[in-house]
Amino acid sequence: MGNVVRLQNLLERKANLTTSSSAEDLTYTCPDCGKVVTPMVIEVFGQPRYIRAKCECAFEREAQEEARRKEAERQERIQRVFDLAELGPRFSECTFAAWTARPGAERAFQTARAYAEEFDRRMKDGQGLLLFGRPGNGKTHLAAAIANYIMPEKTCVFRSVPALLKRLQQANKPGSKTDESELMQALRDADLLVLDDIGAEKWTDWTESTLYFIVDERYRWKRPIVVTTNCDLEELERRVHERTMDRLLEMCTLVENRATSYRRERAKKRLGRRQS
Numbered sequence: 024m025g026n027v028v029r030l031q032n033l034l035e036r037k038a039n040l041t042t043s044s045s046a047e048d049l050t051y052t053c054p055d056c057g058k059v060v061t062p063m064v065i066e067v068f069g070q071p072r073y074i075r076a077k078c079e080c081a082f083e084r085e086a087q088e089e090a091r092r093k094e095a096e097r098q099e100r101i102q103r104v105f106d107l108a109e110l111g112p113r114f115s116e117c118t119f120a121a122w123t124a125r126p127g128a129e130r131a132f133q134t135a136r137a138y139a140e141e142f143d144r145r146m147k148d149g150q151g152l153l154l155f156g157r158p159g160n161g162k163t164h165l166a167a168a169i170a171n172y173i174m175p176e177k178t179c180v181f182r183s184v185p186a187l188l189k190r191l192q193q194a195n196k197p198g199s200k201t202d203e204s205e206l207m208q209a210l211r212d213a214d215l216l217v218l219d220d221i222g223a224e225k226w227t228d229w230t231e232s233t234l235y236f237i238v239d240e241r242y243r244w245k246r247p248i249v250v251t252t253n254c255d256l257e258e259l260e261r262r263v264h265e266r267t268m269d270r271l272l273e274m275c276t277l278v279e280n281r282a283t284s285y286r287r288e289r290a291k292k293r294l295g296r297r298q299s
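For the sequence shown, this note's numbering begins at 24 and goes up steadily by one.
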């Protein structure tokens, strides 16, 4: 019997368990969910020993707390290398409410707003959006509006492609605070990645392989991406090359913004006022 007692004490010390020879002693009603919880039973040298069990709701709470901890670590890791609110003063004010309706942009606006409103489903499906059209017609505004809409609850990295590639190149230089692998991991792990003005970058072999890697990682991890470009689809494929274009076509809904450049329209109005 001494061996049984010593093993019981060992179990209690090592696993912080409450044991008893009586099931009734360790049966209780969970104060949180009201469920009656019965103990587990093990045999120790032929003798039954009962172990106080956790309620299922306690395991669920622990799982939720662990998920929250991992999510906080993920957000901190992304925030460490990318300021998640770094849209800049101009684009941080871009919302769907601030959008000025213009002929030719109706479908682009409706699609972008629906995408933001349904982002949880889009994120689950890994479905992205590719906005293309003339320069200056509001594509970046719509992409920024999506980012601003989801950012209170989701992580979003918003970058112009030329600036992002420059940042990645600088990360390889001595003295950089972050290395390229950290940046790449953040680009992969963000709930949404917005690549603004793709096709405007100076194209090199390094540019091609780097951009493909970023897009392909999002594809493999089933994470959505929003892309804007001033190129038509044929020109975009020439610029980013076939394999990157194939990934974008598979991942994204294609939407053309057919509006003319509002920047040119504003410039004409300003010029008209000066001449009058």
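Be a bit skeptical, because a hint or two may be false.
Derived SDA-like pairs (lysine to any residue); straight-line CA-CA distance at most 20 Å [what the hints assert, rightly or not]: (1) Lys147 <-> Asp239; (2) Lys225 <-> Tyr235; (3) Lys147 <-> Arg136; (4) Lys189 <-> Gly222; (5) Lys245 <-> Asp269; (6) Lys245 <-> Lys225; (7) Lys93 <-> Phe82; (8) Lys189 <-> Lys200; (9) Lys245 <-> Asp202; (10) Lys147 <-> Tyr172; (11) Lys245 <-> Gly149; (12) Lys189 <-> Lys147; (13) Lys189 <-> Arg211; (14) Lys225 <-> Glu273.
Keep in mind the hints are simulated off the structure, nothing from the lab.
Going down the list of hints, with the structure as the test:
no.	hint	verdict
1	Lys147 <-> Asp239	holds (17 Å)
2	Lys225 <-> Tyr235	holds (15 Å)
3	Lys147 <-> Arg136	holds (18 Å)
4	Lys189 <-> Gly222	holds (14 Å)
5	Lys245 <-> Asp269	holds (15 Å)
6	Lys245 <-> Lys225	violated (28 Å)
7	Lys93 <-> Phe82	holds (16 Å)
8	Lys189 <-> Lys200	holds (15 Å)
9	Lys245 <-> Asp202	violated (24 Å)
10	Lys147 <-> Tyr172	holds (17 Å)
11	Lys245 <-> Gly149	holds (5 Å)
12	Lys189 <-> Lys147	violated (31 Å)
13	Lys189 <-> Arg211	holds (18 Å)
14	Lys225 <-> Glu273	violated (24 Å)
Of the numbered hints given earlier, the model fails hints 6, 9, 12, 14; all others are met.
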